[in-house]
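Turn these sequences into a full structure, and let the hints guide you.
Residues per chain, in single letters:
There are 2 protein chains.
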Amino acid sequence: MNFTLTQEYLDQFSEAVQNKDNNFITTQTTALHPADISAILDELETDDCHYILGLLPEQVRADIISDLDTDVRADFLKTYQPIEVAEILDYTDSDDAADILNELPIKMREEVIAHVEAPQNVMELLHYDEDCAGGLMAKEFVKANINWTVVECIEEIRRQTENVEKIYSIYVVDDNDKLLGRVGIKKLVLNPRNTKIADIYEPDIIFVYSYQDEEEVASMMQKYDLEAIPVVNVNKKLLGRITVDDILDVITEQAEQNLQTISGISEDVEEDDSVWLLSRARLPWLLIGMVGGMLGAKFIGLFEGQLIAVPAMAFFIPLITATGGNVGIQSSTLVVQALADTGGLQESFWRRLLKSFLVALINGFVIGVCVLGANILLTGGEITLSLVVAFALFCVVIIASIMGTVTPLILNQFKVNPAVASGPFITTANDLLGLAIYFSVAKLLFSLAA
Amino acid sequence: MNFTLTQEYLDQFSEAVQNKDNNFITTQTTALHPADISAILDELETDDCHYILGLLPEQVRADIISDLDTDVRADFLKTYQPIEVAEILDYTDSDDAADILNELPIKMREEVIAHVEAPQNVMELLHYDEDCAGGLMAKEFVKANINWTVVECIEEIRRQTENVEKIYSIYVVDDNDKLLGRVGIKKLVLNPRNTKIADIYEPDIIFVYSYQDEEEVASMMQKYDLEAIPVVNVNKKLLGRITVDDILDVITEQAEQNLQTISGISEDVEEDDSVWLLSRARLPWLLIGMVGGMLGAKFIGLFEGQLIAVPAMAFFIPLITATGGNVGIQSSTLVVQALADTGGLQESFWRRLLKSFLVALINGFVIGVCVLGANILLTGGEITLSLVVAFALFCVVIIASIMGTVTPLILNQFKVNPAVASGPFITTANDLLGLAIYFSVAKLLFSLAA
Chain A
1488 MNFTLTQEYL DQFSEAVQNK DNNFITTQTT ALHPADISAI LDELETDDCH YILGLLPEQV
1548 RADIISDLDT DVRADFLKTY QPIEVAEILD YTDSDDAADI LNELPIKMRE EVIAHVEAPQ
1608 NVMELLHYDE DCAGGLMAKE FVKANINWTV VECIEEIRRQ TENVEKIYSI YVVDDNDKLL
1668 GRVGIKKLVL NPRNTKIADI YEPDIIFVYS YQDEEEVASM MQKYDLEAIP VVNVNKKLLG
1728 RITVDDILDV ITEQAEQNLQ TISGISEDVE EDDSVWLLSR ARLPWLLIGM VGGMLGAKFI
1788 GLFEGQLIAV PAMAFFIPLI TATGGNVGIQ SSTLVVQALA DTGGLQESFW RRLLKSFLVA
1848 LINGFVIGVC VLGANILLTG GEITLSLVVA FALFCVVIIA SIMGTVTPLI LNQFKVNPAV
1908 ASGPFITTAN DLLGLAIYFS VAKLLFSLAA
Chain B
1488 MNFTLTQEYL DQFSEAVQNK DNNFITTQTT ALHPADISAI LDELETDDCH YILGLLPEQV
1548 RADIISDLDT DVRADFLKTY QPIEVAEILD YTDSDDAADI LNELPIKMRE EVIAHVEAPQ
1608 NVMELLHYDE DCAGGLMAKE FVKANINWTV VECIEEIRRQ TENVEKIYSI YVVDDNDKLL
1668 GRVGIKKLVL NPRNTKIADI YEPDIIFVYS YQDEEEVASM MQKYDLEAIP VVNVNKKLLG
1728 RITVDDILDV ITEQAEQNLQ TISGISEDVE EDDSVWLLSR ARLPWLLIGM VGGMLGAKFI
1788 GLFEGQLIAV PAMAFFIPLI TATGGNVGIQ SSTLVVQALA DTGGLQESFW RRLLKSFLVA
1848 LINGFVIGVC VLGANILLTG GEITLSLVVA FALFCVVIIA SIMGTVTPLI LNQFKVNPAV
1908 ASGPFITTAN DLLGLAIYFS VAKLLFSLAA
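Chains as they are written, first to last, in this note's numbering: chain A, 1488 to 1937; chain B, 1488 to 1937.
For the record, the hints were derived by calculation from the structure and aren't laboratory data.
As the structure is a computational prediction, the values presented were derived from the model and not from experiment.
Hints may contain errors.
Which copy is meant is left open, because identical chains are indistinguishable; a pair holds if it fits in one copy or across any two.
[Claimed, not checked] In silico lysine-lysine, DSS-like type, Cα no more than 30 Å apart, as pairs:
no. : residue 1 : residue 2
1   : K1710     : K1507
2   : K1653     : K1724
3   : K1902     : K1710
4   : K1683     : K1723
5   : K1565     : K1710
6   : K1665     : K1653
7   : K1565     : K1842
8   : K1630     : K1665
9   : K1507     : K1683
10  : K1785     : K1723
11  : K1930     : K1653
12  : K1626     : K1930
So this is what it looks like as structure tokens:
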């Protein structure tokens, strides 16, 4: 049952499609999980995917299409007629159906909706922003009126069994659909069939409002170890349910996005995207870094006299800029990480700054002393220059640390993703700051020494 | 029910502990979810935690202790007697109990085990490495013999109801405990009580072996949308079950670790750790960066003659090193990300290198031309130096890109976390490489121009 995709297997599939060997395709796909078929289709040409999907049962086809990579799916659905897409959506969970519709061009979207069997559910979900709880929830869940008994509840599960694949809890509501609590499915199994729901339901239920941010939802489900969470409107009317598999995707995407932001990649790309797309995603930050570098060049140019007087000053430029960059990224990453952790108590701005300052004091001192020692030991003389470098490094560590701490906090205040402050932005800013410190310290100490 | 921790509330708690206001503490904690109490305790002093926990029911106390941050818990359990810890573990799930025991000093661990009521389960789990499937699984799950009926299965659930909080699926085994398949709990609800398990179970079940890596388990559960996965030994004997809440923790920890590794933080720290711990976690990479910077200084020193002849060469040092660093991190992040994605087909080494090279060609060309244009426009003359800088940048982008692609692949081959290759390591290496290219290009072009 455990499946690994190999090139050989993929080639066999391509060949089977070429030869219209329907027997091979149906035998193989019947034995596979839809997620595995989906992984195969991600690697094949659009026409081949179309052919293979045509041979599969409707439910499996719908599951696979829900599971495809977004970019593969967008290209792929263009090869279908609106009425065919509507047939697929009839077998798809409402949250995935809404996502698929949102990916279609507007005209096609309207045509598809016109053909969907029960469009109300999906239409309702189209209204929500895709990164809030409303955009994540599905309309497929089981609810029970507080006045029901266990047997009525079981009958409702039977009615919904086609629609709701996984039931974790039954949500208990009043006559106005207001959420009152939940009954775990274990309780339904263990209690006599005539037990009243009112007697066994748990009124303490954790829920989210439809407007809450997806990351907030993710951290709540993680904190309370939930496999599903109900979504309500401002009047606590039950609207839908978010399951943990969607939350896993939210967390993974968020982590990838943070990593890419910090690395200066400005679009969501993967290694197997086209060369052109990859170049485009990488250029913006490289160009910003370039502008920073040009400014740095202009800046050093102001101190040309000093450089001519002491050419060895140029030797330590990379040391200064690299240290500033490293310290800045360390500081900002810790802040970004702390901001993402909504569980605990957040430290105050001033406490953060103080701590960052103290850490910088220790690290700046250690590095300054090491560099001073190494310089004197290795180069022999040049005490003044060694002092300049060591003291400049000490200052750079402190300033870069403060910059790295303050920038993400400010961005966060203005609702900009604080991770933007890490990576190339902080590096570029710290390069310039580091140079300013280095040459100012040099000017000061050399004039003192003279 | 939805809870946010505030400083005021925390102060009220501290005060209540001071005044031994047990009434306040029990009223408040009864209304709170254990995860919320745990968040409060994370912020309080060890003695206060001890006092509050003493007032709580045993099950709640055990849930909270399972939920505490690892470092808080380690300090905390030292204040308990071994027999008290054993009592807590009697109420804890086996996977958490094993984790807690592993955190204790060896002597205390043995003393605790001597007092645990049913030590077999926990003892068995202690053998597994903490980052493999065996280290994640719990012994609490419900299994049914293939020869049973639905009613026998329900009786088993009733027997286990204290131990197994969340059921999801019943695992079906033969007389030798070999895993045969599963029955969803929904099927138990919907089928008559005398139905044979053999008639309703699903033999296609996704499982993991106890030796599989936690990240492999996480990606499987994510791919197949599972809320729990059974763990078997090499003979397919059912050993335990991993639930999705543990996988959420694995994914989050992994993401944090990647971010920290890329940012050059060498220990798992959080913003609210001590200044000393934070400094220690940040120093190693800063020192490595420092050594790199000193080597850079030595290296530039070799070209002192050139610098004296053309002092303006020094102006562009930060541009060269920053670009090399930025390109290197971008490349390595994309590779690290691709290596982490085990779902699709992995590209071959040579294909990766070729793509990285083509992307670098485009980006290097764009940046080179921009810098050349800007330099000529802004500085007027100095054509040779402008050409040197532009051509050196072009080469730096290509070489840094290849370095950034190859290094994580090599580390991965040697089973080292490829994320180490991003961040300070690649930056430092690329600083040196960039300088070497810059000064070599300069030597070549200046001698051609002369």
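Status of each hint after checking the structure:
Proximity of K1710 to K1507 under the C-alpha cut-off of 30 Å is restricted to the inter-copy arrangement: shortest distance 29 Å between copies versus 51 Å within a copy. Taking the shortest Cα distances, K1653 and K1724 sit within 30 Å of each other both inside one copy (22 Å) and across copies (26 Å). Within a single copy, K1902 and K1710 get their C-alpha atoms as close as 24 Å, which meets the 30 Å cut-off; across copies the closest is 32 Å, which misses it. With identical chains, the CA atoms of K1683 and K1723 are at most 30 Å apart within one copy only, with a shortest distance of 23 Å there and 42 Å across copies.
For a Cα distance limit of 30 Å, the shortest separation of K1565 from K1710 across copies, 25 Å, qualifies, whereas the shortest one inside one copy, 41 Å, does not. With identical chains, the CA atoms of K1665 and K1653 are at most 30 Å apart both within one copy (22 Å) and between copies (25 Å). In this homomeric assembly, K1565 and K1842 come within 30 Å of each other (Cα to Cα) only across copies, at 28 Å, whereas the closest approach inside a single copy is 55 Å. In the homo-oligomer, the alpha carbons of K1630 and K1665 lie at most 30 Å apart inside one protomer (11 Å), although the nearest pairing across protomers, at 37 Å, exceeds that limit.
In this homomeric assembly, K1507 and K1683 never come within 30 Å of each other (Cα to Cα): the closest approach is 57 Å inside a single copy and 41 Å across copies. Neither within a single protomer nor between protomers do K1785 and K1723 lie at most 30 Å apart by alpha-carbon distance, with minima of 60 Å and 68 Å respectively. In the homo-oligomer, the alpha carbons of K1930 and K1653 never lie at most 30 Å apart, since the shortest distance is 71 Å inside one protomer and 69 Å across protomers. For a Cα distance limit of 30 Å, the shortest separation of K1626 from K1930 qualifies neither inside one copy, at 69 Å, nor across copies, at 69 Å.
Going through the hint list in order, the structure does not satisfy hints 9, 10, 11, 12.
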